[in-house]
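Q: Here is what each chain is made of, one letter per residue.
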Amino acid sequence: MGKGDFLGEFEQVVLLAVARLSGQGYGMSIRREIERRTGREVTVGSVYATLARLEEKGLLVSEEGASTPRRGGRARRHFRIRPAGVQALEATRGMMERMWDGVVFDGGERT
Amino acid sequence: MSRSQPPRPAELLVRLSAPPVQRDDQLGDLCEEFEERAARDPAAARRWYWKQALGSAAANLGHRLRAARDEATAHARGDGMMGTLLQDLRYALRSARKNPALSSVIVVTLALGIGATTTMFSVVWGLVLDPFPFPEPDRIVGLGSAYPKLGGEMKFWENLSPAEYVDVRDNSRTLEDVVAWDMGNRQIAGEGPPQNVFTGFWWGDALRTLGMKAYLGRGFTDEELARGDAVALLSYRIWQDRFGADSTMVGKSILINGNPHTLVGILPKGVDIYGMDLWTIMPIGPDRYPRNRRQFQIMARIRDGATLRDVNTELEGLARRTEQAYAAEFDEYAGWSMRALTWNAVSSRSFRAGAFTLLGALGFVLLLVCANTANLLLARAQGRRREMAVRTAMGAGRSRLLGQLLTESLVLALLGGMLGVGLAALGNGGVRAMLSMIGAPVAGTVQLNGPVLGFTAAVAVAAGVIFGLVPAFQASRTEIAGVLQAEGKSATSGASRQRLQRTLVAVEVALAFVLLAGGGLLVNSFLRLERVDTGFAADHLLTMRLTLPREEYSGDAVPAFFQELAERAQGVSGVRSAAAASQFPPIGFSFRELWFEGGAPSEDQTLPRALTTVVTPGYFETLGIPLRAGRAFDGRDRAGSPPVAVINEVAAQRYFPDQDPVGRRLKIGGPDADAPWFEIVGVVGATQNRGLERPPEAEVFGLHAQLGDGANQLFLLLRTDVPPLSVLPAVRNVVREMDPDQPIYAIQTVDEAFASATATRRATTTFLSIFAVFALILAAVGIYAVVSFTVSERTQEIGLRVALGADAGGVRRLVVSQALLPVLVGAAAGLALAVPLGGALKGMLFQVAALDPTTMALVAVLLVGVAAAASFVPAWRASRLDPVEALRVE
Numbered sequence: 001m002g003k004g005d006f007l008g009e010f011e012q013v014v015l016l017a018v019a020r021l022s023g024q025g026y027g028m029s030i031r032r033e034i035e036r037r038t039g040r041e042v043t044v045g046s047v048y049a050t051l052a053r054l055e056e057k058g059l060l061v062s063e064e065g066a067s068t069p070r071r072g073g074r075a076r077r078h079f080r081i082r083p084a085g086v087q088a089l090e091a092t093r094g095m096m097e098r099m100w101d102g103v104v105f106d107g108g109e110r111t
Numbered sequence: 001m002s003r004s005q006p007p008r009p010a011e012l013l014v015r016l017s018a019p020p021v022q023r024d025d026q027l028g029d030l031c032e033e034f035e036e037r038a039a040r041d042p043a044a045a046r047r048w049y050w051k052q053a054l055g056s057a058a059a060n061l062g063h064r065l066r067a068a069r070d071e072a073t074a075h076a077r078g079d080g081m082m083g084t085l086l087q088d089l090r091y092a093l094r095s096a097r098k099n100p101a102l103s104s105v106i107v108v109t110l111a112l113g114i115g116a117t118t119t120m121f122s123v124v125w126g127l128v129l130d131p132f133p134f135p136e137p138d139r140i141v142g143l144g145s146a147y148p149k150l151g152g153e154m155k156f157w158e159n160l161s162p163a164e165y166v167d168v169r170d171n172s173r174t175l176e177d178v179v180a181w182d183m184g185n186r187q188i189a190g191e192g193p194p195q196n197v198f199t200g201f202w203w204g205d206a207l208r209t210l211g212m213k214a215y216l217g218r219g220f221t222d223e224e225l226a227r228g229d230a231v232a233l234l235s236y237r238i239w240q241d242r243f244g245a246d247s248t249m250v251g252k253s254i255l256i257n258g259n260p261h262t263l264v265g266i267l268p269k270g271v272d273i274y275g276m277d278l279w280t281i282m283p284i285g286p287d288r289y290p291r292n293r294r295q296f297q298i299m300a301r302i303r304d305g306a307t308l309r310d311v312n313t314e315l316e317g318l319a320r321r322t323e324q325a326y327a328a329e330f331d332e333y334a335g336w337s338m339r340a341l342t343w344n345a346v347s348s349r350s351f352r353a354g355a356f357t358l359l360g361a362l363g364f365v366l367l368l369v370c371a372n373t374a375n376l377l378l379a380r381a382q383g384r385r386r387e388m389a390v391r392t393a394m395g396a397g398r399s400r401l402l403g404q405l406l407t408e409s410l411v412l413a414l415l416g417g418m419l420g421v422g423l424a425a426l427g428n429g430g431v432r433a434m435l436s437m438i439g440a441p442v443a444g445t446v447q448l449n450g451p452v453l454g455f456t457a458a459v460a461v462a463a464g465v466i467f468g469l470v471p472a473f474q475a476s477r478t479e480i481a482g483v484l485q486a487e488g489k490s491a492t493s494g495a496s497r498q499r500l501q502r503t504l505v506a507v508e509v510a511l512a513f514v515l516l517a518g519g520g521l522l523v524n525s526f527l528r529l530e531r532v533d534t535g536f537a538a539d540h541l542l543t544m545r546l547t548l549p550r551e552e553y554s555g556d557a558v559p560a561f562f563q564e565l566a567e568r569a570q571g572v573s574g575v576r577s578a579a580a581a582s583q584f585p586p587i588g589f590s591f592r593e594l595w596f597e598g599g600a601p602s603e604d605q606t607l608p609r610a611l612t613t614v615v616t617p618g619y620f621e622t623l624g625i626p627l628r629a630g631r632a633f634d635g636r637d638r639a640g641s642p643p644v645a646v647i648n649e650v651a652a653q654r655y656f657p658d659q660d661p662v663g664r665r666l667k668i669g670g671p672d673a674d675a676p677w678f679e680i681v682g683v684v685g686a687t688q689n690r691g692l693e694r695p696p697e698a699e700v701f702g703l704h705a706q707l708g709d710g711a712n713q714l715f716l717l718l719r720t721d722v723p724p725l726s727v728l729p730a731v732r733n734v735v736r737e738m739d740p741d742q743p744i745y746a747i748q749t750v751d752e753a754f755a756s757a758t759a760t761r762r763a764t765t766t767f768l769s770i771f772a773v774f775a776l777i778l779a780a781v782g783i784y785a786v787v788s789f790t791v792s793e794r795t796q797e798i799g800l801r802v803a804l805g806a807d808a809g810g811v812r813r814l815v816v817s818q819a820l821l822p823v824l825v826g827a828a829a830g831l832a833l834a835v836p837l838g839g840a841l842k843g844m845l846f847q848v849a850a851l852d853p854t855t856m857a858l859v860a861v862l863l864v865g866v867a868a869a870a871s872f873v874p875a876w877r878a879s880r881l882d883p884v885e886a887l888r889v890e
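For the protein sequence lines, the chains are A and B, in the order given.
In terms of my numbering, the first sequence opens at residue 1 and continues consecutively.
In terms of my numbering, the second sequence opens at residue 1 and continues consecutively.
By construction, these hints were calculated from the structure, which means they are not laboratory data.
Where hints are given, some of them may not hold.
[Unchecked claim] Below are the EDC-like pairs computed for lysine to aspartate or glutamate, each with C-alpha atoms no more than 16 Å apart in a straight line:
id	chain 1	residue 1	chain 2	residue 2
1	B	K213	B	E136
2	B	K51	A	E90
3	B	K269	B	D287
4	B	K155	B	E329
5	B	K51	A	E11
6	B	K149	B	E329
From just these sequences and the hints, can you work out the full model?
A: Rendered as structure tokens:
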């Protein structure tokens, strides 16, 4: 496995948020999901930058929904995770778990 | 109904920064969530939007930059995108350090330009575009009124009466939470000496009108308002500065002019109505005032479903009903009107034009800064042609060089931008000084806030791109072989670069010309205005206003009161003489129609209208208005004696050309058969009775006892031997002795009355002049840089000339005259530009044409002189070249 196959932290966060929303997620709901779960404030711009990157890597796919007047007549773009995205998430988690496995800090407590 | 909209500039930021394919998605998301949030708290929603927009812009730009890098490095070899970027950054900083003088000039001029722009934009933002933290600024309105009989000007300050407030409050269906207030100074005690604070006296709870809650405690309750309780609110600002933000004060008693009041709350941060730091309740109801005591302001909130237009339609109807009911008793109601404007517009009315003029001028300064920086970078690029050629020869692609140069100029721009923001923060003192000069609410409202910072960042980045691209294209177009082979032997290389530099110099000169011309025209106007003779002694004159209630004073009692007041005030120590009058220069506002004896009445005739002023006998003596013919009013003229009038010179010349007006008779108000004839007994000198900027108006004076018509509202005028305001306490006592219930208001000196009329002009003039001087310096720097580099480039040629026998003077003349060519072209272009732009200043010019030849000639001479001086230094250096050394140069 090459080094490019693992996901960065924010990529994981975004991809997991897309997965959590099971295909119904779009920009606003994804952003909110991240804010709610991580307690971190994130901007629309940074979410989209990452979404675009993930889509480029083929880990998720987006499609345009119907336009609504509440968005000034603009359509919502829904994001759905692809099998490659699931694989990448699992690979990343697997890697992290292998790294964590057996780690013991002073005092013998596993944090 | 107006729904809350996302802030436009923030939206634009996202629109511009987002990659095109994501633009709609991002805007849509923001729009959707904004609406959700705005439904709960519009102000917080706007803040949220700004935060998102600024953060997103950064993320978007980063995203796009990386994408561009990826694309670039896909073609060229490199260590990946971050590697390239870091390499460029390192390189940029290194090359900036290599040429510290040039780099610092670039950074400093950019910082000054960006600093000034940020400061001015902060001012315009804070005062004009978004001055208040109100949740729905579009729905808060201020009311103004205009009375043709009283001068006809629409005023929003001290121009409405308690009765008019009650009419609106009780009858309007488009307005709710209608409040009115009066203003004045009160002393509050606390630690340290008592302090005078500007205070509002309210009918109604203005916090409810504004849709806000007190920062601490609460606003006034209906019960307190109904009873006129002694309760108070303090501004956040004064609570911080003077009371150390002591939150235990709320609920306790504070002393206002020695009277205990309960402090019920602290106003929300940034709530600033005309700079009032203390809010109290008006102790007596609006029904206790005469209908024409016009010293109040009205504010209200537009009801759901109504628009500003609906409000104004309704106010027009209300004005007509009032006219029908009261015009017989109060003739100023004939044709009067009431109008609502948003509170933002009301509060920035007086300085809007000045603020935008300065903002426009700053646009020019910023352009100039960009042109100058481009020029300097171009000069620098020239010195690096070989370096570029070598890099190209080593295989660096054109896009790689472009990217590197762009990074370099962006680094400089960002350094300049950051320094500029720092300067702007320091410049706040200057801003405050300017605000107080133009009489704007000096408050915490003007500060460097998010949007303003965003604007500055945008300016810095734009500047970087603009001036970074020019030299970058130039440099990357370098012919490798040409440069490497030439080894600097060619004396005339880079002809197109020189053309570009000269063009930039010409552009700089043109921009500087426009700014200098604008500054010059304003300064010229201002000097002329200062020289205008007021026609009387305007210094050491104190004025104040009194309105007697009609219920208590009627008929002869009114003039008797004012005459006695003037006589008693004259007894106050320090007062040399005193009089009362319905108006005084420069604030003449009341016109009436005149009918001269012997005139032929006709149906369609327009009667002459003159300022008609009601005075007590000592008026001319008190103001120092000279008598030109006949006599002034004296002891013979009383209530029952034959009516007499005095006219000014303007009236004498206009109505009695080549005749002696003394002895002629006129009727005041028109050819009414029952009206008495007034005999003209004297002619007095003309005064600037409508302000310095308008020519003196024909004016007729009558005695209050004879012409008063029950005028119950007069100014007391005091000529003092001591500083005018020092007699105020004693004069207050005199008024209190005569009637303890009558307040005096609108206290000011006549000097102040003149000065406040020219305050905006003075501030605009000062600041535009500063910009113009800055522009001149920038242009000089630009010219110096270009000439220096031209000279260094032509070292060999000049050395050759010297070796062949050219004398030092000849060399200097050659260099200076070549440098001056683009300056002259620029000056001509500047003159052409000044024609339309001078027109924009027209409203602010006084006795000066928009293309005043003297100003234009002076500006041209100044610019060319400075340009010659700037080019003389390198020319002098060139003339002292040692030919041997010069010919050996590379």
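Q: Each hint: holds or not?
A: Here is how each hint holds up against the structure:
Between K213 (chain B) and E136 (chain B) the alpha-carbon distance is near 14 Å, which keeps this suggested pair within the 16 Å criterion. Proposed proximity of K51 (chain B) and E90 (chain A) is contradicted: the alpha carbons are some 34 Å apart, above 16 Å. Under the criterion of a C-alpha separation no larger than 16 Å, the hint pairing K269 (chain B) with D287 (chain B) is inconsistent with the structure, at around 33 Å. At most 16 Å may separate the alpha-carbon atoms for a hinted pair to count; K155 (chain B) and E329 (chain B) exceed this at roughly 22 Å.
For a cut-off of 16 Å, the pair hint linking K51 (chain B) to E11 (chain A) is broken: about 22 Å separates their Cα positions. Restraint check: the Cα-Cα separation between K149 (chain B) and E329 (chain B) comes to about 14 Å, which is no more than 16 Å; the hinted pair holds.
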